[in-house]
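Engineer: Top to bottom, those sequences are chains A and B. Counting in the working numbering, the final residue of the first sequence is number 573, and the numbers go up one at a time with none missing. Counting in the working numbering, the final residue of the second sequence is number 600, and the numbers go up one at a time with none missing.
Careful: at least some of the hints might be erroneous.
Claimed, not checked - Listed below are the simulated DSS-like cross-link pairs for lysine-lysine, each with C-alpha atoms no more than 27 Å apart in a straight line:
| hint | chain 1 | residue 1 | chain 2 | residue 2 |
| --- | --- | --- | --- | --- |
| 1 | B | K526 | A | K386 |
| 2 | B | K526 | A | K428 |
| 3 | A | K194 | A | K467 |
| 4 | A | K194 | A | K448 |
| 5 | A | K467 | A | K386 |
| 6 | B | K393 | B | K452 |
| 7 | A | K58 | A | K26 |
| 8 | B | K526 | B | K452 |
| 9 | B | K574 | B | K406 |
| 10 | B | K574 | B | K379 |
| 11 | A | K456 | A | K194 |
| 12 | A | K361 | A | K456 |
| 13 | B | K526 | A | K448 |
| 14 | A | K148 | A | K553 |
| 15 | A | K455 | A | K467 |
| 16 | A | K421 | B | K526 |
| 17 | A | K467 | B | K574 |
| 18 | B | K393 | B | K406 |
| 19 | B | K526 | A | K455 |
| 20 | B | K406 | B | K452 |
| 21 | B | K452 | A | K428 |
| 22 | A | K386 | A | K421 |
| 23 | A | K553 | A | K58 |
| 24 | A | K467 | A | K456 |
| 25 | B | K517 | A | K386 |
| 26 | B | K406 | B | K379 |
| 27 | B | K452 | A | K386 |
These are calculated hints, taken from the structure and not from any lab test.
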Amino acid sequence: MKCYREEEAVDYCIVGVGSAGAVLLQRLARAGFKVVGLEAGPFWDTERDWVSDEAGSHQLYWTDLRITGGSDPIALGENNSGRGVGGGSVHWAAFVPRLHPSDFRTYTEDGVGCDWPISYKDLKPYYELIEREMPAAGPAWFTWGDPHGYPYGPHPMGGVGDTLVRGCTKLGIRVCAGGPVAILSGSRADRPHCIYRGFCIQGCKVGAKQSTLISHVPDAIAHGAEIRDRSMVARIHLGPNRRVNAVTYFDRDGREHVQRARAIIVCGYAIETPRLLFNSACPGFEQGLANSSGLLGHYLMVQAGNVVAGRFPDLVRLYKAPPAHAMTEEFYETDPKRDFARGFAVQTVGPLPIAFAKQMAKAKGAWGWGLREVMMDYNHWSTLGVLGEILPAYDNKIELAEEKDDFGLPVAHVTFSLHENDHKMIRFAVKKVEEILLAAGAKEVVEEQRYAHLVGAARMGTRPENSIVDGFCRTHDIANLFICDGSVFPTQGSANPGLTIQALAARTADYLNQQGEAIFTSSHVSREKPPVRRDLSPPVTFGSGVPRV
Amino acid sequence: MKQIGYYPGYSTLAQKDFWDDATRAVVLKRLEPPAPLRFFGPGEAERLEAVVNQILPQDDRPAERRIAIVPELDKRLYEHRGPGYRYADMPPDGEAYRMGLRAIEEIAQHLFGAEFLYLRNRERDQVLFTLHDGEPPAAKAIFARMSVKHFWLMLVNDVAEVYYAHPWAWDEIGFGGPAYPRGYMRLERGEPEPWEKPEQRYEWAAPEDSLSGECRPLPGSHL
Chain A
25 MKCYREEEAV DYCIVGVGSA GAVLLQRLAR AGFKVVGLEA GPFWDTERDW
75 VSDEAGSHQL YWTDLRITGG SDPIALGENN SGRGVGGGSV HWAAFVPRLH
125 PSDFRTYTED GVGCDWPISY KDLKPYYELI EREMPAAGPA WFTWGDPHGY
175 PYGPHPMGGV GDTLVRGCTK LGIRVCAGGP VAILSGSRAD RPHCIYRGFC
225 IQGCKVGAKQ STLISHVPDA IAHGAEIRDR SMVARIHLGP NRRVNAVTYF
275 DRDGREHVQR ARAIIVCGYA IETPRLLFNS ACPGFEQGLA NSSGLLGHYL
325 MVQAGNVVAG RFPDLVRLYK APPAHAMTEE FYETDPKRDF ARGFAVQTVG
375 PLPIAFAKQM AKAKGAWGWG LREVMMDYNH WSTLGVLGEI LPAYDNKIEL
425 AEEKDDFGLP VAHVTFSLHE NDHKMIRFAV KKVEEILLAA GAKEVVEEQR
475 YAHLVGAARM GTRPENSIVD GFCRTHDIAN LFICDGSVFP TQGSANPGLT
525 IQALAARTAD YLNQQGEAIF TSSHVSREKP PVRRDLSPPV TFGSGVPRV
Chain B
378 MKQIGYYPGY STLAQKDFWD DATRAVVLKR LEPPAPLRFF GPGEAERLEA
428 VVNQILPQDD RPAERRIAIV PELDKRLYEH RGPGYRYADM PPDGEAYRMG
478 LRAIEEIAQH LFGAEFLYLR NRERDQVLFT LHDGEPPAAK AIFARMSVKH
528 FWLMLVNDVA EVYYAHPWAW DEIGFGGPAY PRGYMRLERG EPEPWEKPEQ
578 RYEWAAPEDS LSGECRPLPG SHL
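Produce the entire structure from the sequences given, and follow the hints as far as they go.
Structural biologist: As structure tokens, this is what we get:
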């Protein structure tokens, strides 16, 4: 691997080598830029470090302390926060639906949330690129949003998907089986296909599930990118002329370093990104770097992720097959017949025993002999997840707490509360999933209230007064500082955010390539849309797989 | 004593030769004798053991097949390993455990005028149900500083995490266990793999002197 000297200013320093960071690193390296990625967690040796075991996989998650409050506090850690090269894509379930065209204009269409500064059309070519780079498996015709097909064929069904398909079919609800997921249904190059062992969110040892660790990082390194793992960035430095010029970070031994760079891209996800910018406050930016709007940390979102579980007389064996393997988006869009705006998806989830026991502790109030008994029926349960659009709210936010981490940096304090539209959507969605499970033959249905997927807190928008970054993920305040990760989402739709995060990164990379040296030297902000660069795809990805366009 | 659960003769460990090395090392470590406690003192450990025995009772398992839970809780707290977050209405995890144990003592004294350790099975369950229901009748000072709900769920979650991480618990519930690199080939209709066992159900009932066999919804549940 290439090794840059710290006093040598690289072109781009990327903070966080996860879903977005790795895609940026790979494309910028391929385009010939000098790039360094700093990642707080380790560089995984997947065969040695990962295990086919629930309790043994905690290292994949961000387990450093954070404080979580508000009237409906969010569980963090394994629920939604990754750590290590590949970031959250290492432990995601890998559902990869696109956002719908309507998601980019909820304010115009429904009078809620806000419009994105970009449209579905802007992102569509990047959805197509990334789906082929992953590559994604799914139906030949995905019927919702902007209909499209997937490069790899759908996966065989597991027991949980089977209940979803049976229930939906009984009720006349359209449903799709076997994807869309970023899991190989056929082998490709050196990556084998899925073995259906069900440990997706413990890290895919097989290499069938995409993570940027296996899809983009090797190509990034081959093209001269450097990744420094176990390197926790503490602060971004502001230099003369309102331009950033370096970061301070701690290495694996706790030693402090400064890496100089001509431009910086923060890819730390919805909590660590605002935390780093707050911790980088300096004269001129007293309330946080790039935060002249005062909106940094605000409009944090999670999706409603309520799990509805049904007990069946026959065996389901929910631990087999990827947790993500069937879904419906039939309730995704605003329906004037309902008393709330926007909607939700219904997806399979396949909790392994520990996760299921915790769900039953909450959903049934099970403990003691009751917990033992319900767990003995583990193989009779099927679990479906609501994935519902919670609207952005100003008072849902990240701030700095009093407490500090091992490096002496203040940790994040998260505040989250549901609002009226959210409550109505969730009640309706849970009821609908209950109907589906009963139609499929469930004899008992219970619900665990929970959340999935963090996004927001450094939203993109049209103007410096209403947002932190523009449509190309460039901060309004500082011309050579970018934020590219889930935190830039102004609204979230009811689609899992991973694909959109990677697609946004690919688009931002094209923009940076088109701008070239201007990013490093000029304060002029171009809004010109970049041409789509297919030659930046990792090898054997673009256009590979089952031919289908 | 007959194997507990509906899959008699099923053993995930019997498949360990088919697991990858890293996974096998992690799982087999759980069969080793537990390490000495470092976080909890002897008195605390005895009381925590009594609480844990109610939350995850194992009286029906042969003595040599009971899964040690307290040592794992102790290890997590000693090593300051957390889930990655703390609720704003909670003290740090270790402190919460110590406060929680004191609170359970106060509730036992309030309800029965005796230490938790000297209560009968049903009385112990009654004490714990007051936490489950979010209405502890005593220990007001403690619960002014700590959420009952979040303490209770942390306790149940932590205990469940240790128990259901153990291969003996996997045998009990018919979970397939580690499956790399072999994977599964029979995905639908709950069919067993060749090395799994078909289900053989029998009438199951919690011991008569306990209360926890009947699940009661947590406050605020919807369905």
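Engineer: State for each hint whether it applies.
Structural biologist: Cross-check of the supplied hints:
1. K526(B) to K386(A): Within the cut-off at roughly 10 Å; holds.
2. K526(B) to K428(A): holds, 26 Å
3. K194(A) to K467(A): holds, 16 Å
4. K194(A) to K448(A): At roughly 25 Å apart (the allowed maximum being 27 Å), K448(A) and K194(A) satisfy the hint.
5. K467(A) to K386(A): holds, 19 Å
6. K393(B) to K452(B): Since the Cα atoms of K393(B) and K452(B) sit roughly 26 Å apart, the hinted pair holds (cutoff 27 Å).
7. K58(A) to K26(A): holds, 10 Å
8. K526(B) to K452(B): Given pair K526(B), K452(B) holds - Cα atoms ~23 Å apart, limit 27 Å.
9. K574(B) to K406(B): holds, 25 Å
10. K574(B) to K379(B): holds, 15 Å
11. K456(A) to K194(A): Status holds; Cα separation ~13 Å.
12. K361(A) to K456(A): Cα-Cα ~15 Å, so holds.
13. K526(B) to K448(A): Between K526(B) and K448(A) the Cα gap is close to 24 Å, so the pair holds against 27 Å.
14. K148(A) to K553(A): Distance of about 13 Å is within 27 Å: holds.
15. K455(A) to K467(A): Given pair K455(A), K467(A) holds - Cα atoms ~15 Å apart, limit 27 Å.
16. K421(A) to K526(B): Status holds; Cα separation ~23 Å.
17. K467(A) to K574(B): With a Cα-Cα distance of about 24 Å, the restraint between K467(A) and K574(B) holds, given a limit of 27 Å.
18. K393(B) to K406(B): holds, 13 Å
19. K526(B) to K455(A): With Cα atoms ~25 Å apart, K526(B) and K455(A) stay inside 27 Å; holds.
20. K406(B) to K452(B): holds, 14 Å
21. K452(B) to K428(A): Holds - the C-alpha atoms of K428(A) and K452(B) are around 23 Å apart, at most 27 Å.
22. K386(A) to K421(A): Given that 27 Å is the threshold and the Cα spacing comes to 26 Å, the pair holds.
23. K553(A) to K58(A): Measuring from Cα to Cα gives roughly 23 Å; hence the hint holds.
24. K467(A) to K456(A): holds, 16 Å
25. K517(B) to K386(A): Measuring from Cα to Cα gives roughly 24 Å; hence the hint holds.
26. K406(B) to K379(B): holds, 25 Å
27. K452(B) to K386(A): Satisfied, since the Cα-Cα distance of roughly 25 Å is no more than 27 Å.
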